[in-house]
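Asks: The chain contents come next:
Protein chains: 2
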Amino acid sequence: MFYLIGLGLFDINDMSIKALNALKEVDVIYAEFFTSKLIGSTLEAIEDKIGSKIHILNRSEVEEDSPFILEAKNKDVALITGGDPLIATTHSDFLVQCARKGIDYRVIHGSSILSSAPAISGLQGYKFGKVTTIPFPDHNFFPKSPYMAIKENMDMELHTLVLLDIQAHKDRYMSINQGLEYLMKVKDTLPEEEQVINEDTLAVGIARVGSDEGIVKAGKISELIDYDFGSPLHCIVIPSKLHIVEAEYLVYVAGADKSILEKC
Amino acid sequence: MFYLIGLGLFDINDMSIKALNALKEVDVIYAEFFTSKLIGSTLEAIEDKIGSKIHILNRSEVEEDSPFILEAKNKDVALITGGDPLIATTHSDFLVQCARKGIDYRVIHGSSILSSAPAISGLQGYKFGKVTTIPFPDHNFFPKSPYMAIKENMDMELHTLVLLDIQAHKDRYMSINQGLEYLMKVKDTLPEEEQVINEDTLAVGIARVGSDEGIVKAGKISELIDYDFGSPLHCIVIPSKLHIVEAEYLVYVAGADKSILEKC
Numbered sequence: 203m204f205y206l207i208g209l210g211l212f213d214i215n216d217m218s219i220k221a222l223n224a225l226k227e228v229d230v231i232y233a234e235f236f237t238s239k240l241i242g243s244t245l246e247a248i249e250d251k252i253g254s255k256i257h258i259l260n261r262s263e264v265e266e267d268s269p270f271i272l273e274a275k276n277k278d279v280a281l282i283t284g285g286d287p288l289i290a291t292t293h294s295d296f297l298v299q300c301a302r303k304g305i306d307y308r309v310i311h312g313s314s315i316l317s318s319a320p321a322i323s324g325l326q327g328y329k330f331g332k333v334t335t336i337p338f339p340d341h342n343f344f345p346k347s348p349y350m351a352i353k354e355n356m357d358m359e360l361h362t363l364v365l366l367d368i369q370a371h372k373d374r375y376m377s378i379n380q381g382l383e384y385l386m387k388v389k390d391t392l393p394e395e396e397q398v399i400n401e402d403t404l405a406v407g408i409a410r411v412g413s414d415e416g417i418v419k420a421g422k423i424s425e426l427i428d429y430d431f432g433s434p435l436h437c438i439v440i441p442s443k444l445h446i447v448e449a450e451y452l453v454y455v456a457g458a459d460k461s462i463l464e465k466c
Numbered sequence: 203m204f205y206l207i208g209l210g211l212f213d214i215n216d217m218s219i220k221a222l223n224a225l226k227e228v229d230v231i232y233a234e235f236f237t238s239k240l241i242g243s244t245l246e247a248i249e250d251k252i253g254s255k256i257h258i259l260n261r262s263e264v265e266e267d268s269p270f271i272l273e274a275k276n277k278d279v280a281l282i283t284g285g286d287p288l289i290a291t292t293h294s295d296f297l298v299q300c301a302r303k304g305i306d307y308r309v310i311h312g313s314s315i316l317s318s319a320p321a322i323s324g325l326q327g328y329k330f331g332k333v334t335t336i337p338f339p340d341h342n343f344f345p346k347s348p349y350m351a352i353k354e355n356m357d358m359e360l361h362t363l364v365l366l367d368i369q370a371h372k373d374r375y376m377s378i379n380q381g382l383e384y385l386m387k388v389k390d391t392l393p394e395e396e397q398v399i400n401e402d403t404l405a406v407g408i409a410r411v412g413s414d415e416g417i418v419k420a421g422k423i424s425e426l427i428d429y430d431f432g433s434p435l436h437c438i439v440i441p442s443k444l445h446i447v448e449a450e451y452l453v454y455v456a457g458a459d460k461s462i463l464e465k466c
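Here the protein sequences come in this chain order: A and B.
Just so we're aligned: 301 in the working numbering is position 99 of the first sequence, and the numbers increase by one with no gaps anywhere.
Just so we're aligned: 415 in the working numbering is position 213 of the second sequence, and the numbers increase by one with no gaps anywhere.
All the pointers check out, no bait thrown in.
When chains are identical, the list treats them as one kind, so a pair holds in a single copy or across two.
Below 25 Å or equal to it, Euclidean Cα-Cα: the simulated DMTMM-like pairs (lysine to aspartate or glutamate) are:
| no. | residue 1 | residue 2 |
| --- | --- | --- |
| 1 | Lys-443 | Glu-395 |
| 2 | Lys-353 | Glu-425 |
| 3 | Lys-329 | Glu-266 |
| 4 | Lys-303 | Glu-464 |
| 5 | Lys-465 | Asp-295 |
| 6 | Lys-443 | Glu-359 |
If you are wondering where the hints come from, they were derived from the structure by calculation, not from laboratory data.
Same shape as in the complex, but just chain A (with noise of 0.2 Å):
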């Protein structure tokens, strides 16, 4: 049997009961922790509360061949990973693979950011358009990307979403500031009309989601894009047009200016 499993949101106590009990008894895990990252714990934490070693993947090993695939043949396979499994595409050609070989999985969810920062930014998930992610910039490498999926999702009234890049394998994770920045750049870029988010637009910052210690702070762009969030991981959430329910969460929630309550 080969088991996909998400471990949740932030660190080892985020995993479900269901995954718990699942790594105590399976005769092997793999860890995927490219694509996602269990921030809030360390690889002993892990195998500590779980009675085993575990063996980190490397990307040729997730991306290209899969042996771990072959060996559920005749043993209890589990793999490991941050977040909800199946949000990459790798995991989801693991099953593929799995259907096509004869082997049956399971899959075993966890919390993921990709619910759980539209939740805590108080935001209503009805209202979100499609996802976006601000890759860490290089030379020759600078989507508009990111900006345009956000002036998209504005134009039809949709609150966006903001992933920030993880580069889990260099230990390098995008803050809100640099994402903040980012989206700034591409403004400078585009002639006014396009222009739909500017320093004097209201964002959400949202940190270290399922921590004791995370923070979610709304304010212009202007005043987030100096704010110290602390550790990773981050995201963002742009709003559009706001409900006064949406209104009042982010002013005595999210610490936004009342203002903002006049608008709706």
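Chain A is fixed; fit chain B onto it per the hints.
Replies: Just chain B now, kept in the frame of chain A:
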């Protein structure tokens, strides 16, 4: 302290270790099972696991006055709900009340249909547009909005997660079959050029995410509309344009006809 705790997708073992630990510590536990329901476990099973009594809130306690919030001034009070909390507007209002009354609060997240259903459909998360919900129709109440949400998403080549009505207080949960019938009825009222989906459209029926007996089945709406998906909860995904990796998943994992591979 006020704890807002999501129990996760399906049964008691979907709750996180963090949730279980908190529930064993608090002084009093209330449950909000109007907007969601932990369908795979009885109330008694949850009480047994936690080791204390749970007080089920009625609708007016949840939506109008919330006396349990004030109780959290001097006690540790938990409010539990299925899935991830804060998805419902009523929950975000609890935190607003806490913030305004100077009551400390903590949110413990759970696995949610909003991330797990897109994940288990095998489609890529960043290609989903806004989510929609099909309500139980009534005389004079038959909104076309769910169909139009699918249309808007499809116009932008985005997939749609279609949630199905939950009337937990009446123990009434919409099935995939009822949902697809609803969409086909809306289609019949529309001019042909607006009929973006019909009986030949590919859909994915998803039942009991999080359960060992979950079903993920892809096929034409005409095939799924009579298929027996078993007990609730159900939801539907309507794919837009497919990437080859997505199509392979729908064929090999979800049983779609191989002809969809040729269209990628």
